[in-house]
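2 protein chains.
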Amino acid sequence: MGLVETKSLRFAGPPRKLLLTSGRRLGPVSLAYETYGVLNNERSNAILVCHALSGDAHAAGINGEGQQGWWEAMIGSGKAFDTNKWFIICSNVIGGCKGSTGPFSVNLQTKKPYALEFPVITIADMVEAQRRLINYLGIERLFCVVGGSMGGMQVLQWVSSYPERVHSAIPIAAAWRHPPQQIAFNEVIRQAIMADPAWRKGSYYGLGQPKKGLAIARMIGHITFMSDQSMEEKFSRKLKNGDYSFEFTDDFEVDGYLRYRRDNFVKRFDANSYLYITKAMDYFDLSGENFLSDMKKQTPAFW
Amino acid sequence: MGLVETKSLRFAGPPRKLLLTSGRRLGPVSLAYETYGVLNNERSNAILVCHALSGDAHAAGINGEGQQGWWEAMIGSGKAFDTNKWFIICSNVIGGCKGSTGPFSVNLQTKKPYALEFPVITIADMVEAQRRLINYLGIERLFCVVGGSMGGMQVLQWVSSYPERVHSAIPIAAAWRHPPQQIAFNEVIRQAIMADPAWRKGSYYGLGQPKKGLAIARMIGHITFMSDQSMEEKFSRKLKNGDYSFEFTDDFEVDGYLRYRRDNFVKRFDANSYLYITKAMDYFDLSGENFLSDMKKQTPAFW
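Line by line, the protein sequences give chains A and B.
Reminder that position 146 of the first sequence reads as 146 in this note's numbering, one-by-one numbering, no gaps.
Reminder that position 108 of the second sequence reads as 108 in this note's numbering, one-by-one numbering, no gaps.
Errors might be hidden in some of the hints.
Treat identical chains as interchangeable: a pair holds within one or across any two.
[Unchecked claim] Think about it this way: if two alpha-carbon atoms lie no more than 30 Å apart in a straight line, the pair counts; the simulated DSBU-like pairs of lysine-lysine are:
#1 Lys201 / Lys211
#2 Lys211 / Lys17
#3 Lys211 / Lys267
#4 Lys240 / Lys79
#5 Lys238 / Lys201
#6 Lys201 / Lys240
#7 Lys234 / Lys79
#8 Lys267 / Lys201
#9 Lys85 / Lys7
#10 Lys79 / Lys201
#11 Lys85 / Lys240
#12 Lys112 / Lys234
#13 Lys7 / Lys240
None of these hints come from the bench; they were simulated from the model.
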């Protein structure tokens, strides 16, 4: 696909602030997004791709930093999501740290990064921000909304909140709500970040990430991303150096996997975003009709 | 059962040092233990109870600190393990922090607590120390060895290493080896402790526990102690205060469960012991015949 550019949409001015599920307002809001392919004259060929927890707007092609998109295997000429036929849109979620407004963004009222002043958001709030982008692009009805994991939650939320605006939906490896076990893991993930003195109650910007806490958090996450069975198939009890070390180092191959994933993540993801996004996932629950209808009341169309 | 006393057996002098699976020697070694009931003349009514990760020698009765034993429901006059009939023995594992030699014990060579100078031990080493206690008590053959979780691992190890000395065995909720998922959780548990600056590379004695890291570690452990299904039955997605807080506090009942368990544990368990004991569990693997036979070579009978 070649070079792609990440664009940004900004909702400015009080009437366009997002009214969040919590009742708080957020604005101005910037949304980082990319598009691939061409919108047809009928505006009927748009597909919205929703990213997972640690993803971003850069789903395909090579961006200005020379990085390949995270779904390069699926999006492009002749690929499953064929850019000769479809107009593909991907945006970074609000609360994220990849160009859209999140806890590291500057709060215009204080002239400092929001940090924990950023409001707690929900999957519905992420979708509401996406809806404004879709409105801005002049698309009445998406041909498809697709995404995996937290992206799949957004897909389910789209269908639930705006069924009239979605022709088809592909939620992949997603839940309509977290079971208590996953809530428990996410709670420990957040507490691991907050236990790191370098977290400084969220106000660490300019001073360096709470790397150790974020590393523990991410390792917990990575265990939950694989099933017991897939770990058995991939690692079993294989040893890194053929024998027990009798020291507190990585003995098993599975330890090395966690360490690699962790180191990779700590460099590229904001710790506060991890707090906000995991909380949004824990709050997601399509079983509660009251919650759903409340949510709809609180997110009127501003466009 | 009334008041019970915790006794201590000490293996002193070089010939009685424990030769560990690692090849290192440990000594002198103290073992804290309790007994309930009376050993009969034939010495044939002895039952060894093995405790789980965070347990101790105080399995039944009321000790000097007024605490009930951890298996009070099962051990006593007229109970499942009837002290009118059986002579019950329970000892704290080596590597522990409840009276037996562990990382917080004073290393006679340095006159300071071992901390990370303490050797990495195995379940087989724990059992070897128990075997010396059984020898000391003059018991040739145990009527039964019983224990749950890590206690069950010790039971399996007894049967595997000393089948001639065990008449019957009751391993409860135990594995003959950890799958990679459990190894991964234990690795993160250890890293959570070691990531806490208060851990000070293990040399925190006299300066206070690495409470925050230990708290994260224990919460991870507690998630793995329950199945997804039992968490669903016990907590589901029940909220503590009826509604979402939209703050980073405990919203769900399952969070409160973790917090309670964690606070309880941090007060009473040594962080370094947690490192050593989880490592021993990860190393436990009865599938490797080589490992088993090596172990037998390295743990000759000193008594």
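Worksheet item: Hint by hint, which ones does this structure get wrong, listed from lowest number up?
Response: Structure breaks hints 2, 4, 10, 11, 12 and 13.
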